[in-house]
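J.: The chain contents come next:
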Amino acid sequence: MSSTLDRVAGADRPEAGTGVWLHGVVRDVEPAVLAAIPGMTGAPVRAVRAAGLVAVVSAAPLAEYGEQALRRNLEDLAWLERAARAHHAVVDALARRGPVVPARLATVHHDDARVAGQLTGRQAELTGLLDRLTGRGEWGVKGYQVPGALPRASEDAGAGGAGAAYLRRRRAQLTAREQGQRIAAEAAAAVHDTLAGYAVAARRHAPQDRRLSGAPTPMVLNGAYLVESARLPGFTALVAALGERHPELRLELTGPWPPYSFAEERPAGPALTVREPAC
Amino acid sequence: MSMQPPSVVQNSGQVLPAGHEPANLGDILERVLDRGIVIAGDIRVSLLDIELLTLKLRLVIASVDTARQIGIDWWEHDPWLSSRARPPVEPGPRDPEQVEAERRPRVAARAERRAARREEWDEFDA
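The listed protein sequences derive, respectively, from chains A and B.
For what it's worth, this note's numbering labels the leading residue of the first sequence as 1, then goes sequentially.
For what it's worth, this note's numbering labels the leading residue of the second sequence as 1001, then goes sequentially.
The hints are simulated quantities; they were obtained by calculation from the structure and are not laboratory data.
Even for Gly, the Cβ is constructed at its ideal location relative to N, Cα and C.
Hints should not be assumed to be uniformly reliable.
Unchecked claim - Computed footprint of chain B on chain A; a stretch qualifies when at least three of its residues, placed anywhere within it, have a C-beta under 8 Å from a C-beta of chain B:
1) 40-53
2) 80-86
3) 111-125
Claimed, not checked - Derived Cβ-Cβ restraints for the label pairs, each shown as a range:
4) 1040/B <-> 169/A: 53 to 59 Å
5) 1040/B <-> 170/A: 46 to 52 Å
6) 1040/B <-> 171/A: 48 to 54 Å
7) 1040/B <-> 247/A: 42 to 48 Å
Extracted from the complex, chain A is given alone in its bound form:
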């Protein structure tokens, strides 16, 4: 690890040295486990230990992961996909063995000492998070509008020219669309509330754009739920039952995810909801 980086602001030449890419924080992990997990460059990840915590990190050559290089590379969708998948694979491998606090993509430090400093400085927060995440997994539930559930627009021919008829038709279509959206939105809220009541914690994220979701109809629910492992069968059954109850939504359950949505002690804004069920 180079801690004496020749960091030249605005320089064109690639940065020299190697930084430290943070994947996530765990309580403890066997070196043999880490040796089997490939990191950002393909080489195994390793541990930085401090304050009774372990940061799992990758070597990050600054020629690729330095400030200038990252700025450029993050614009490159192919690079971004590779980096996102590599980072996620590490976090996911850790999550399957025990609680992990995932780091956001592109968290790069100069050296191990800097990472250790973060563990020490945020020990209480990180320990609290790990306690909260123990024995629990994140599950995603997405809900897509089902167009068949839309009320159909009435097509009554009226007086007026082609323009007026067009405007009437357009208005009717818009109304039907608004109604369909409203029905789907209400169903999404009902589904989320029910699932949030069952889960340890819940977040409602912004629905994915169709270009991202690849789905033929709009997403109206993009929920994340922190579920006790022991209560997972009940959660799965609940999702299935809600799918039956709401034909106006197509529900999709994904997971288990590392607890990306629950890596913060408190929700960041009013759009998010958290519930602690009495269980």
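Dock chain B against the given chain A, drawing on the hints supplied.
T.: The following block gives chain B in isolation, referenced to the frame of chain A:
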């Protein structure tokens, strides 16, 4: 943490095993870019600084609140997107069909006005 294999629930209520499929890229991207703990790294690349990519991803992934914080709120003023109090954020390039649909009545109205004016002149001339 003992976890069951991932599964996909269709709206039929049927639970389908989906354990061997690699996770959807969109699902991964929104998680690693927009969630996860924020620890101030030494290499400071604000993901919001990334121009081309975030211009797309920001709108696609970023939460409504994140978008507002960085001053993106135009969908709130767009009648085609703000028919409800809290619309699903689906901005991006306008749907050409919508743009065309908005344009057509205006063009039609202009044509009608022109036709009406012509008739007046015709009467005047006659």
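J.: With 48 to 54 Å as the target window, see if residue 1040/B and residue 171/A comply at their CB atoms.
T.: Holds: the Cβ-Cβ distance is about 52 Å, inside 48 to 54 Å.
J.: With respect to the beta-carbon atoms only, verify the hint that residue 1040/B and residue 170/A lie 46 to 52 Å apart.
T.: holds, 51 Å
J.: Mind checking, does the region 111-125 of chain A have 3 or more residues with a CB under 8 Å from chain B?
T.: holds (count 3)
J.: Does the hinted range 53 to 59 Å hold for residue 1040/B and residue 169/A at CB?
T.: Given range 53 to 59 Å: holds, Cβ gap about 55 Å.
J.: Verify the coverage statement for the region 40-53 of chain A against chain B, using a C-beta to C-beta distance below 8 Å and requiring 3 or more qualifying residues.
T.: violated (count 0)
J.: Is 42 to 48 Å respected by the C-beta to C-beta distance linking residue 1040/B and residue 247/A?
T.: About 47 Å separates the Cβ atoms of residue 1040/B and residue 247/A, which means 42 to 48 Å holds.
J.: Examine the region 80-86 of chain A: at least three residues should have C-beta closer than 8 Å to a C-beta of chain B.
T.: holds (count 4)
Taken one by one, the earlier hints fail for this structure only at number 1.
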